[in-house]
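From first to last, the protein sequence lines stand for chains E, R and L.
Note that our numbering has the first sequence beginning at 1, numbered continuously upward.
Note that our numbering has the second sequence beginning at 1, numbered continuously upward.
Note that our numbering has the third sequence beginning at 1, numbered continuously upward.
Derived by calculation from the structure, the hints in this document are not laboratory data.
It is possible that some hints are incorrect.
[Unchecked claim] Below, a list of computed lysine-lysine pairs in the BS3-like style, where the Cα atoms sit at most 27 Å apart:
hint, chain 1, residue 1, chain 2, residue 2
1, E, LYS78, R, LYS4
2, R, LYS118, E, LYS78
3, E, LYS79, R, LYS28
4, E, LYS79, R, LYS138
5, E, LYS167, R, LYS4
6, E, LYS123, E, LYS52
7, R, LYS64, E, LYS171
8, R, LYS28, E, LYS4
9, R, LYS50, R, LYS19
10, E, LYS167, R, LYS26
11, R, LYS4, E, LYS171
12, L, LYS303, R, LYS112
13, E, LYS167, R, LYS131
14, E, LYS130, R, LYS138
15, R, LYS64, E, LYS175
16, E, LYS175, R, LYS118
17, E, LYS123, R, LYS131
One-letter residues, chain by chain:
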Amino acid sequence: MDLKGKSAIITGGSLGIGASIAIELARAGANVAINYRKHDTEAKEVAKKIEKLGKKCLVIKADVTSYNDAEVMFNQVKKEFGGLDLLVCNAGINKDRVIWKMSEKDWDNVINVNLKGYFIYNKLASEHFKEQRSGKIVNITSINGLRGKFGQTNYSASKGGIISLTKALAKEVGKFNVNVNAVAPGMVMTEMAKNIPPEFLQKAVDETVLGRIATVEDVANVVIFLCSENARHITGEVIKVDGGQYI
Amino acid sequence: MPFKYFGKTNFTPYTKVDKFADYLQKGKLMGTKCKKCGEIYFPPRADCLKCMDDTFEWIEFSGKGTLNSYTTIHAAPKGFDDIAPYTIGIVDLKEGGRLLAWIGDIPKDEIKNDMPVKVVPRIFEEIPEIKLYYTIEKP
Amino acid sequence: MKVGIVGIGHGKFGNRSDATVQELTFEPFKQAIEDAKNLGREDIDALVVGSVPEYHMQRSLPGVVAEYVGMNPKSVWLTEAACASGSAAIRTAYMSIKSGMHDIVAVIGVQKMRELSTEDILALMGRVGDVQWESIFGTTFPGYYALYANRHMHEFGTTKEQMALVAVKNHYYGSMNPYAFFQKEVSKERVMGSDEVASPVRVFDCCANADGAACVIMTNEKLAKKFNDTPIWLEGMGSASAQMSLLRRPNLVEIPSAVEAGKQAFEQAKVKPSDIQVADVHDCFTIAEIMAYENLGFCERGKGGKYIEEKQSYIGGKTPVNVDGGLKAKGHPVGATGVSMTTEIVKQLRGEAGKRQVTGAEIGLTHNVGGIGQYTFVQILRR
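Turn these sequences into a full structure, and let the hints guide you.
Now the structure itself:
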């Protein structure tokens, strides 16, 4: 997949899926800008890996719920890379609670980071892509946005919301030659996942039909495909990367 | 890309020069050039008026030109009453030919005959359907 | 062999909610037969109808008209050239007589426009440019002439006031014409104070859509004196076309088909513009009359505004123009106008124009433009 000459923004690019997406985009030829909230060491590590691949990497500290931070990031990227062609929204948190134990703050935070954050970056990217009559947006959602998950009324709501946002936006920007899609991973083996108790991990493996859990590259590869010209006729679509965990 | 996407209301969905709409959606203003005698046309036409040859190629226009005449329409025809009053202008294009379009963001008191202008390809943004047009702006 | 007009008829123009389109034609047709002498309806060989079909629910107008006035089973056909349909019809009648195919031909120009709403008519008439590249921006017929007016003002200094003076003149004469739609005079202030339709053209710069019909009966030189002591001869028949779209015309200050048709007519009739003693020109908009003075050579290019200012187109001026009220006061039932103009000039050359008579007029001219100048027919008539 050739993304030579393209410039990309990935939110939450310091860890896990985000970091892998950033690296794979660079491997495909793009200059990459990542933002992070607190993991600055990890973010710098990602930048090093990207520079080793011969591409540019901008590392920006940002709170994805801040419209202002986002505007600053977009302006910086456009200035330093000379343009913007790709947006991958990936930054997300979870705060699992049964609803009767879930506080308003638990709800608000998850919705703000996972859904409002995506709105902010999708809006800024759309404004730019619409003027230049080209661009691609990939929103990372989850199979728990397609189905409900115990303890995740907040998380599932936010991930489900991302899917509807993706579809509605695809209808608005299609005429400007902009594609908007979502990738819905199932269980992915990330640093975060390593903290999950083994019996829950096994349960997830048993749910899949392939008998395995995704690596971060499994997800990144699909994102790269959606960012490439090979996917030019795909828009408003949700692609699961879950080994058959939820069919 | 059907030509029917060109205009607020389109009256001619089928035409030999239907690729014009394709280019317009990509942000390009294209005219035609006769392959035999080189005559250039805007608006585009498939059959050469001069030598009657029917082979042509597409050439990109810069959109630059001068404003020949203009008028503000108050009594609008059916289908355009929702946007009245609007100002239409005729532009003599730099590469040749003429174009008629709405005047866009030029303030009323700055519109003058013979002023330099630029024609900008546009898409109606606030509706789900694809509708293409262009406007006359300051260069 | 000359072709002459031996009978004329004219109906009231205006809001004819009292008649269908075919019923409108009966009155002028009957008038024309009675105006001629020794002529019966059965003597007429053919009927040509000048009209623009798109305004009517009734399909195939010549059919209903011929049936209603009683021309069956004679030859009948339609000629259309937008607002110049009436003159186009006269031209085909002329051709059929000159070729010897027919001897006596009636021409009826007719139109019913007021059954459509204003927005519908604006949309219909706005499609008289290039619908592929222009109508999509909401062009209108007044808008097209406004583009001409704007440029004419820019290049020659023509003023809105000069345009208004055309309306004042034509309403002045219209008040003396019992067939005109509008029979009241208007002041310059009233014209200039009216709402803008398409800048700089105002409501009172525009002719009104109207219903109406007019008729002429034509024949060859051999038979003419049998039907009228004073046949009026069609000596110059000019006809020309110009590009449909303003985008493809050489400039926006003159109607090229009018210049060309005028040249043809003057050449055929062997007269100069200054020989014309009375004229009816196509004042669909006041700027159109100003351009007509120039395009026909009544005055120099660019001096049309001055011409009206100096009252040269009034009776007593260099060339009286539209002393029957023009399209402005009569109204403009598009198919009927060309025939209406012809009946007026015939009246003038016969000395039958009463209060509006141009004394001693022997050579007259009609100038009938279709659309925004796609067609112009110029006729020179002589006593």
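- Message: Hint check: LYS167 (chain E) vs LYS26 (chain R), CA-CA at most 27 Å. Holds or violated?
- Response: Holds: LYS167 (chain E) and LYS26 (chain R) sit about 22 Å apart, inside 27 Å.
- Restraint check for LYS123 (chain E) with LYS52 (chain E), where alpha carbons must lie at most 27 Å apart: Since the Cα atoms of LYS123 (chain E) and LYS52 (chain E) sit roughly 32 Å apart, the hinted pair is violated (cutoff 27 Å).
- Query: Is the Cα-Cα distance between LYS64 (chain R) and LYS171 (chain E) 27 Å or less?
  - Reply: Given that 27 Å is the threshold and the Cα spacing comes to 32 Å, the pair is violated.
- Message: Just to be careful, I want the Cα atoms of LYS130 (chain E) and LYS138 (chain R) compared with a cutoff of 27 Å; is the pair within it?
- Response: holds (21 Å)
- Query: Does LYS118 (chain R) lie within 27 Å of LYS175 (chain E) when you go C-alpha to C-alpha?
  - Reply: Status holds; Cα separation ~23 Å.
- Message: Check the hint pairing LYS79 (chain E) with LYS28 (chain R) against an upper bound of 27 Å on the C-alpha distance.
- Response: holds (25 Å)
- Given the hint that LYS118 (chain R) pairs with LYS78 (chain E), test it: the Cα-Cα distance must not exceed 27 Å. Holds. LYS118 (chain R) to LYS78 (chain E) sits at ~26 Å (cutoff 27 Å).
- Message: Check the hint pairing LYS167 (chain E) with LYS131 (chain R) against an upper bound of 27 Å on the C-alpha distance.
- Response: Holds: LYS167 (chain E) and LYS131 (chain R) sit about 21 Å apart, inside 27 Å.
- Message: Next pair to validate is LYS167 (chain E) with LYS4 (chain R); report whether the Cα-Cα distance is within 27 Å.
- Response: holds (25 Å)
- Message: Need the status of pair LYS50 (chain R), LYS19 (chain R): alpha-carbon distance at most 27 Å?
- Response: Holds, at about 22 Å.
- Hint consistency between LYS4 (chain R) and LYS171 (chain E) [alpha-carbon to alpha-carbon, up to 27 Å]: holds (19 Å)
- Query: For the pair supplied as a hint, LYS303 (chain L) and LYS112 (chain R), is the alpha-carbon distance within the 27 Å limit?
  - Reply: The given pair, whose Cα atoms are some 22 Å apart, holds under the 27 Å limit.
The structure does not agree with the numbered hints 1, 6, 7 stated previously, though it agrees with the rest.
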